[in-house]
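Residue numbers (my numbering), protein chains in the order written: chain W, 213 to 471; chain S, 190 to 550.
What the hints contain is simulated information worked out from the structure, not anything from laboratory work.
Take these hints with a grain of salt, some might be off.
Quick list of in silico lysine-lysine cross-link-like pairs, DSS-like style, CA-CA up to 27 angstroms [unchecked claim]:
hint : chain 1 : residue 1 : chain 2 : residue 2
1    : W       : LYS239    : W       : LYS427
2    : S       : LYS495    : W       : LYS318
3    : W       : LYS458    : W       : LYS421
4    : W       : LYS289    : S       : LYS544
5    : W       : LYS284    : S       : LYS495
6    : W       : LYS289    : W       : LYS394
7    : W       : LYS284    : S       : LYS455
8    : W       : LYS318    : W       : LYS238
9    : S       : LYS455    : W       : LYS317
Derived DEER-like restraints, expressed as beta-carbon distance ranges [unchecked claim]:
hint : chain 1 : residue 1 : chain 2 : residue 2 : range
10   : S       : MET374    : W       : ARG326    : 50 to 60 angstroms
11   : S       : ARG359    : W       : LYS318    : 24 to 34 angstroms
12   : S       : LEU538    : W       : ASP442    : 49 to 59 angstroms
Fair warning: this is a prediction, and the values are worked out from it, not measured in the lab.
All residues carry an ideal CB built from backbone N, CA and C; glycine is no exception.
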Amino acid sequence: MKLQVENLSYGYDHKPVIEDICLTVKKGEFVGLIGPNGSGKSTVLKNLYRALQPDAGIVYLDGENLFSLTYKQAATKIGVVVQENVLPFDFSVEEIVAMGRSPHKKLFDGDTQRDREIVRNALACLGMEEMAHRNYLHLSGGEKQRVLLARAIAQDTDFLILDEPTNHLDIGYQLQLLDLVKSLQVTVLAALHDLNLAAMYCDRLYIMKDGRIYKAGTPEEVLTPEIIFDVYGIRADVFLHPVTKKVTVTFLPGSMNYN
Amino acid sequence: MHTNTASSTDVKRLGNRREPNLPAIMTGLITVAALSVILAVGLGPVSVAPADAARIVGSRIPLLKNYITPSWSSVEENIIFGLRLPRVLLGMIVGSSLAVTGVAMQALVRNHLADPFILGVSSGASATATLGMLFGVFSFLGVYALAISAFFGAAVTIVLVYVISRVRGRINITQLLLSGVALSMIMDAVTRIITLSAPNALGLHNVAYWLSGSLAGAKWGYLTLPCAAICLGMIVLMVNHRALNALLMGDETAGTLGFNVARLHKLLVLVSSLMAGTTIAVSGTIGFVGLMVPHITRLLVGSDHKKVLPVCALLGGILVVWVDVAARLVIAPEELPLGVLTALFGGPLFIWLLKRNTAKA
Numbered sequence: 213m214k215l216q217v218e219n220l221s222y223g224y225d226h227k228p229v230i231e232d233i234c235l236t237v238k239k240g241e242f243v244g245l246i247g248p249n250g251s252g253k254s255t256v257l258k259n260l261y262r263a264l265q266p267d268a269g270i271v272y273l274d275g276e277n278l279f280s281l282t283y284k285q286a287a288t289k290i291g292v293v294v295q296e297n298v299l300p301f302d303f304s305v306e307e308i309v310a311m312g313r314s315p316h317k318k319l320f321d322g323d324t325q326r327d328r329e330i331v332r333n334a335l336a337c338l339g340m341e342e343m344a345h346r347n348y349l350h351l352s353g354g355e356k357q358r359v360l361l362a363r364a365i366a367q368d369t370d371f372l373i374l375d376e377p378t379n380h381l382d383i384g385y386q387l388q389l390l391d392l393v394k395s396l397q398v399t400v401l402a403a404l405h406d407l408n409l410a411a412m413y414c415d416r417l418y419i420m421k422d423g424r425i426y427k428a429g430t431p432e433e434v435l436t437p438e439i440i441f442d443v444y445g446i447r448a449d450v451f452l453h454p455v456t457k458k459v460t461v462t463f464l465p466g467s468m469n470y471n
Numbered sequence: 190m191h192t193n194t195a196s197s198t199d200v201k202r203l204g205n206r207r208e209p210n211l212p213a214i215m216t217g218l219i220t221v222a223a224l225s226v227i228l229a230v231g232l233g234p235v236s237v238a239p240a241d242a243a244r245i246v247g248s249r250i251p252l253l254k255n256y257i258t259p260s261w262s263s264v265e266e267n268i269i270f271g272l273r274l275p276r277v278l279l280g281m282i283v284g285s286s287l288a289v290t291g292v293a294m295q296a297l298v299r300n301h302l303a304d305p306f307i308l309g310v311s312s313g314a315s316a317t318a319t320l321g322m323l324f325g326v327f328s329f330l331g332v333y334a335l336a337i338s339a340f341f342g343a344a345v346t347i348v349l350v351y352v353i354s355r356v357r358g359r360i361n362i363t364q365l366l367l368s369g370v371a372l373s374m375i376m377d378a379v380t381r382i383i384t385l386s387a388p389n390a391l392g393l394h395n396v397a398y399w400l401s402g403s404l405a406g407a408k409w410g411y412l413t414l415p416c417a418a419i420c421l422g423m424i425v426l427m428v429n430h431r432a433l434n435a436l437l438m439g440d441e442t443a444g445t446l447g448f449n450v451a452r453l454h455k456l457l458v459l460v461s462s463l464m465a466g467t468t469i470a471v472s473g474t475i476g477f478v479g480l481m482v483p484h485i486t487r488l489l490v491g492s493d494h495k496k497v498l499p500v501c502a503l504l505g506g507i508l509v510v511w512v513d514v515a516a517r518l519v520i521a522p523e524e525l526p527l528g529v530l531t532a533l534f535g536g537p538l539f540i541w542l543l544k545r546n547t548a549k550a
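The whole structure should be built from the sequences, with the hints applied where relevant.
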């Protein structure tokens, strides 16, 4: 078991945001966390990458209590990609990717040839060698997101947490980014917005509603018209797509006639 | 038109910092810094030729002195060695300290508008330093009383600004600037109350002179503490350069990259207060150096702190040395307070940065 989360709860000002979250990720799995806005997906992940401190619950990473690790130790085991945020300072792409090497560095270590190689490989992996010296601020949203993924690759961990990494991206970039993640063959826990993307890429899904896990299982088990109606409040038609052999969700808005 | 485009791409390349050559930049800056010291000691109401100035300075350096035969008057030697050299060196140290403090505070609040002067840290340090100077409040601390009292004022103000401007775990820029302004007003008011209730006139005169920011009273003895502070500060910050880079990406990201953000913030508050406090204790409030120099540095070498810190320290020193020369010469034989001149350049830059910042957001 790569990651095991038991009874995790977190709240602000005595109002619970997530309650009693239990989930597991096996080695090599691509697990998706889905649910409407405000259902607590991000909060769960933030508790796992320790941006928030949980009120209750235990998290084991490779059998060790995650919260007993130092930040540095945790960072050599978990790479995190979040939505691209506003950066008030100019960095080159290379400098940002090189930050991924930080957890592997002791206080007085310099950057070695090997670090530079890892950074180069991470960029090459995403087809961005040409952009190494470009200014991060001048990149498009999709490119920025790829740089952040390259940083996580340079961090050289076998577990990635992705928090809606494809939001605000064009569909082309969304598929490209998730393909890249898939090709890394690492264990992944990702919060995703788009149900069809989740069905396509994830081995298992956890669907959340009002701060709790509503249902867990394979995409076929989780993405049923009943569950989608219960969680999102909309009607949907679900079938196995003949080409992808994956679950496909088609939404049925109330304003249309279905005869 | 063509040449225009060519030159603008050149500028862009410089601005884009494609692989800035750090060793070359550093060698250049160290040379300029050394030359600045030599030239600046010669300049003033009594001017001494650069060659003589260089030889007077050289005659005090153990290995060099055997090769130098004295050919100058003792008056010149006294002016150069007793008055100007400590002053110029102090300028170097003060400039470096303020610029590096600016970098540290900018990483702390993740905003390039932070500067010890703008966020009221200078005012805080002045308030407690004045208290010490006029009433001897901290006199039990001995020769370091002034520096230590300024350090406390600086630390208290940084912590207050930081706490007030943090809204739900994020530094809010509006809150940051407003709390900086408010705190510096409060601290200035405290300083005025202290000076108005001062028991002695001599102390009052000293305070007034010192408050406006000046290096005029420099003595060799003033150099030790700020020099120790900047050396210590630079070592701590350089060792943590990766952490500073990560902090600019945001607290959460810095955490995921393996840094203990809460501990880093405390370290930055401590280092900034130490550098700002010891500097302000000897030079008074010299504004905007911590804003201008990091900004120029980032245009030259980008935001990587491994490059920003050393370049910033040298540029800051060079800038203050020359501004001080101007302060000595502009209305000679009278002197302008140094802080007046830096405000004259720094103010407009700040306004420009502020406008640019809001346009982006």
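Outcome of the hint check:
no.: 1; hint: LYS239(W) x LYS427(W); result: 21 angstroms, holds
no.: 2; hint: LYS495(S) x LYS318(W); result: 15 angstroms, holds
no.: 3; hint: LYS458(W) x LYS421(W); result: 23 angstroms, holds
no.: 4; hint: LYS289(W) x LYS544(S); result: 42 angstroms, violated
no.: 5; hint: LYS284(W) x LYS495(S); result: 20 angstroms, holds
no.: 6; hint: LYS289(W) x LYS394(W); result: 18 angstroms, holds
no.: 7; hint: LYS284(W) x LYS455(S); result: 18 angstroms, holds
no.: 8; hint: LYS318(W) x LYS238(W); result: 31 angstroms, violated
no.: 9; hint: LYS455(S) x LYS317(W); result: 21 angstroms, holds
no.: 10; hint: MET374(S) x ARG326(W): 50 to 60 angstroms; result: 53 angstroms, holds
no.: 11; hint: ARG359(S) x LYS318(W): 24 to 34 angstroms; result: 30 angstroms, holds
no.: 12; hint: LEU538(S) x ASP442(W): 49 to 59 angstroms; result: 58 angstroms, holds
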